[in-house]
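Just so you know, the sequences run in chain order A, B, C and D.
Our numbering numbers the first residue of the first sequence as 1 and each following residue consecutively.
Our numbering numbers the first residue of the second sequence as 1 and each following residue consecutively.
Our numbering numbers the first residue of the third sequence as 1 and each following residue consecutively.
Our numbering numbers the first residue of the fourth sequence as 1 and each following residue consecutively.
Take the hints with a grain of salt, since some may be wrong.
Because identical chains share one entry, a pair is satisfied inside a single copy or across any pair of copies.
Using 30 angstroms as the maximum straight-line C-alpha spacing, the simulated DSBU-like pairs for lysine-lysine come out as follows [to be verified]:
| hint | residue 1 | residue 2 |
| --- | --- | --- |
| 1 | LYS228 | LYS264 |
| 2 | LYS228 | LYS2 |
| 3 | LYS173 | LYS283 |
| 4 | LYS228 | LYS282 |
| 5 | LYS173 | LYS2 |
| 6 | LYS2 | LYS282 |
| 7 | LYS282 | LYS173 |
| 8 | LYS120 | LYS228 |
| 9 | LYS173 | LYS125 |
| 10 | LYS6 | LYS125 |
| 11 | LYS173 | LYS15 |
| 12 | LYS6 | LYS132 |
| 13 | LYS125 | LYS283 |
| 14 | LYS264 | LYS59 |
| 15 | LYS173 | LYS132 |
| 16 | LYS173 | LYS62 |
| 17 | LYS62 | LYS125 |
| 18 | LYS228 | LYS125 |
| 19 | LYS59 | LYS173 |
| 20 | LYS173 | LYS228 |
| 21 | LYS173 | LYS6 |
| 22 | LYS62 | LYS283 |
| 23 | LYS132 | LYS120 |
Think of the hints as simulated: they come from the structure by calculation, not from any bench.
There are 4 protein chains.
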Amino acid sequence: MKTAFKTIALIGKYKNPETRDQLLTLAQFLTGHHLNVFMEEDTALHSNIPDYRTLAIDKIGKNSDLAIVLGGDGTMLTAARALIGDEIPLVGINRGHFGFLTDLSAEQMLDGITNILAGKFDLEKRMLLFAKVLRDGQVVSQGYVLNDVVVSRGSMASLIELEVSIDGHFVHKQRSDGLIVATPTGTTAYSLSAGGPILHPSLDAIALVPICPHALSNRPIAINSASKIEITLLRGEDTRVHLDGQLNVAFHEGDQVLVQRADKTITLLHPLGHNHYDMLRKKLHWG
Amino acid sequence: MKTAFKTIALIGKYKNPETRDQLLTLAQFLTGHHLNVFMEEDTALHSNIPDYRTLAIDKIGKNSDLAIVLGGDGTMLTAARALIGDEIPLVGINRGHFGFLTDLSAEQMLDGITNILAGKFDLEKRMLLFAKVLRDGQVVSQGYVLNDVVVSRGSMASLIELEVSIDGHFVHKQRSDGLIVATPTGTTAYSLSAGGPILHPSLDAIALVPICPHALSNRPIAINSASKIEITLLRGEDTRVHLDGQLNVAFHEGDQVLVQRADKTITLLHPLGHNHYDMLRKKLHWG
Amino acid sequence: MKTAFKTIALIGKYKNPETRDQLLTLAQFLTGHHLNVFMEEDTALHSNIPDYRTLAIDKIGKNSDLAIVLGGDGTMLTAARALIGDEIPLVGINRGHFGFLTDLSAEQMLDGITNILAGKFDLEKRMLLFAKVLRDGQVVSQGYVLNDVVVSRGSMASLIELEVSIDGHFVHKQRSDGLIVATPTGTTAYSLSAGGPILHPSLDAIALVPICPHALSNRPIAINSASKIEITLLRGEDTRVHLDGQLNVAFHEGDQVLVQRADKTITLLHPLGHNHYDMLRKKLHWG
Amino acid sequence: MKTAFKTIALIGKYKNPETRDQLLTLAQFLTGHHLNVFMEEDTALHSNIPDYRTLAIDKIGKNSDLAIVLGGDGTMLTAARALIGDEIPLVGINRGHFGFLTDLSAEQMLDGITNILAGKFDLEKRMLLFAKVLRDGQVVSQGYVLNDVVVSRGSMASLIELEVSIDGHFVHKQRSDGLIVATPTGTTAYSLSAGGPILHPSLDAIALVPICPHALSNRPIAINSASKIEITLLRGEDTRVHLDGQLNVAFHEGDQVLVQRADKTITLLHPLGHNHYDMLRKKLHWG
């Protein structure tokens, strides 16, 4: 098979053997076509697939041309986060339940991958955000997100009070359960449950979505992705900042989280003719 | 002054001297009319008012005919909770900001109290809920609420999964940030921020309002107050059950919280002609 | 077959032959069991079923013991409206799509009807509203509704302005696209699309749901069903009052619509063990 | 006074003398500084100001350097619509109620205008949409909008059914009361009442906001402003397409409305330091 993707890394569902058969089928298919296959280290371990060379997730970017992810959107999110900065393209294969990020169906896996290897794909760059948590002006934590940065009250506390500034300009003080800062990709995740709008991935925009705000007029807004967002915790115990729902950091009164568009993106490969509206219609059961 | 209320307890804002002047004015007025005045113990301490006999909050019900509460809705909520079971009527006096539960204005305090002492008032019973948290079938915590029972995820966790049954009948499994079970009184508190409807206090109903539910069709419902609600935590770390936002209890996977209408009520005295729609219009800035 | 229902009227989908086969099957089954069958007049005509005695819809109540309605919720709504006042019980049979009001499935039609004829059913009374439209103090139109009374702007106009009073007490002025006054039954219909809460049918309550209100704090409320609601059109051209979405009346500036609980109900027969939460879960695709 | 704006047109509230005093004060101030003043023709008539040269609204763009609009957002919308294509900058002066488009206060009118004439202003371009209504493939109506294109059911009808395509790609069929296609400017107008998000004016985006959609998952989306939107009426009587709520066109079954970003913009001049978040905070009463 002639393809630009000579070395391919396979990443399965995290700590879960459910994707084992798909992984094996795919690995055999790829090696059958004389391509190099790496199994992601944890995937190999948890799926009990000892027969392929393995790579730690953080080595995949440097040592492969393509990463194929099997699982749901959660698996894809984890993989994409680990591969940020390496510009390696990702393909997502779902396991029956069509996902926003995993748009190749299990049934058509081999045909789909064959097409992608043959260069028949739509390439899409997805915007990322970069967040820094500051305490007394010092960065205590930082990271990229593909979905969202969420400031969220804890289980012990009631409302928290936040101050939001954008590009150095005071926007408002807000009493709420928290605030979601979402990429377009993130607007179909938690943000949607909190009443946020869906932003098309091609939009250079960031959504700010309050979680259960005390003031009923406190509505979701979408702003230019060039904006720098600064959120200060004025009042609230047991509050945390969450990055993609996978990492979280204590957020004390007076702490700030700065969020802005990242200088990196992730690259998704879709089947030709892929359309985001089709995904919305299917996932949200639109008529 | 001829009045049925011979002994009156005064309760001020908790750990806050702001209501000191009002308390003194009111106490002098009442003693000037030969009525017995008790200052609630903590109120006397924090407001530095040593000149009146004091009573612990839990002795007020048995030893007074009327409790006058000065502060905001939070103060009123705390006082009302402490007095549940004693059937002592409460009057709420706000400090400038009109409250849902404190409808006598500071400016008209003495006239308002004079009228109430003279028997010119509207008496309103407010429904309460009673909640029991069960672990392995044993009650680990229980209590009354005037506003709401809230099952809520913690700061570390993402979505929780709950199962809801009503009157022994399975309603649904829900993935969300939590679930609010509110009295009509509670529907203008946290429930409103979560998108719940406003239920008139005269309604024999309980509102179930999901917090940021994953399924967009998972909408607030109002059910008969005779219903018995059972919520089981299927999945979720760091989850808690909150009673009126003042007490909270750990809620582990497999735990249940049972909520039903309480056998007690609280009694509010309002100025004659009081109307709940006036309160809604003022508080919510309706046209 | 021993049954209290000796004479049974069959009502099919309005002006639509789709229910013809079901009607024939059911009619043959019933006559086979020596029961009297009437085919509703329009049903017989549009379904081309000439072989049974017919009755005009408004004669059915007086001349039958039971009305069986085949079709969707729309058909059931029309039938129920026509039979208000006759206290004749209704059974709804859907055609594949489960309905809120038509809970007997097409597949189990004969078994279901057999059970109902044998007295194995749950009987449920549903609350109705009665609405009067007044112009210059004179009633210009009036009627019952099972779902809702809707005041709604026309296609030419922008916002309308309404004044709402309840039990003679001014509630608020509202600028919006209109206002829905819904029975509990109606809360799963149009009201839900407008953001209203779901009220359990056993609740003695009426929902007031603004349609696209200008003020964001203008939220849905549920009030006691004993309340008398008065809505006055302050400003708005081309406005109409809709009764169950089936009848509508011009509504001029200064006109009023008075809405209150009706003195009649409708009676639904459900399969034994029927539960409203099951219907909500299925219809709304709750988890 | 040295200024690039030699000839200035004044536009007052439509058919309303309320802005007369402001108009006179402003006209005298400008002529006192040796600038040419035109009074818009209808403004002169309805405000009874015969002393200045008048211009029909459609001549203002060609014959003036600056248009100053006195009134509310409605007046500004009308004026801006009339001046589309002439690229003449607009300044909005409110009459006490701060507006989204009229951000110079009446009290500081002369100082504000002095600054603007002196070149001290922030210039902002606002995106417009262009809509064409097609019947049998022929354009039956077309026009620009600053706020929104709204497809809306009439007063006689229930739900309408629409089909939405974007860039030639089927998005979904929708049953609803209608659909709003809004510019960022329009997202603080009708769209907000229908549950839409607020889009910052600097965002190259278009909001699609369903009005009371039947499917609860049918949520607002924001898409790239380069998108071409095509809405077809599948079913619905008495439906109309509204342009900025000021013009409307009959919309029959089978008709289409095509909406895309216009090739023109309007130009607003704001006081230096103007910030859109300040306007949102004030207008929406954010904390």
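Can you give me the call for LYS6 and LYS132, within, between, both or neither, at a CA distance of at most 30 angstroms? Classified as neither; 37 angstroms inside a copy, 50 angstroms across copies.
Give the relationship of LYS62 and LYS125 under a CA distance limit of 30 angstroms: within one copy only, between copies only, both, or neither. within (19 angstroms within a copy, 45 angstroms between copies)
Which holds for LYS132 with LYS120 at a C-alpha limit of 30 angstroms: within a copy, between copies, both or neither? neither (38 angstroms within a copy, 36 angstroms between copies)
For the identical chains here, do LYS228 and LYS264 meet the 30 angstroms Cα criterion within one copy, between copies, both, or neither? both (16 angstroms within a copy, 29 angstroms between copies)
Since the copies are identical, ignore which copy is meant and state whether LYS59 and LYS173 lie within 30 angstroms (CA to CA) inside a copy, between copies, both or neither. neither (43 angstroms within a copy, 40 angstroms between copies)
Evaluate LYS173 and LYS228 at a C-alpha cut-off of 30 angstroms and name the case that applies: within, between, both or neither. The answer is within: 17 angstroms in one copy meets 30 angstroms, while 37 angstroms across copies does not.
Should LYS228 paired with LYS2 be assigned to within, between, both, or neither, using CA atoms and 30 angstroms as the limit? Result: close neither inside a copy nor across copies, 44 angstroms intra and 38 angstroms inter.
Given identical chains, is LYS173 near LYS2, meaning Cα to Cα at most 30 angstroms, within a copy, between copies, both, or neither? neither (58 angstroms within a copy, 42 angstroms between copies)
Is it within, between, both, or neither for LYS173 and LYS132, if the alpha carbons may be no more than 30 angstroms apart? Classified as within; 20 angstroms inside a copy, 36 angstroms across copies.
With identical chains treated as interchangeable, where does the CA-CA distance between LYS173 and LYS15 reach 30 angstroms or less: within a copy, between copies, both, or neither? between (42 angstroms within a copy, 25 angstroms between copies)
Cα distance capped at 30 angstroms. Does LYS228 pair with LYS125 within a copy, between copies, both, or neither? Both. Shortest intra-copy (21 angstroms) and inter-copy (21 angstroms) distances satisfy the 30 angstroms Cα cut-off.
With 30 angstroms as the alpha-carbon cut-off, assign the pair LYS228 and LYS282 to within, between, both or neither. between (34 angstroms within a copy, 22 angstroms between copies)
The earlier numbered hints that this structure contradicts are 2, 5, 6, 12, 16, 19, 21, 22 and 23.
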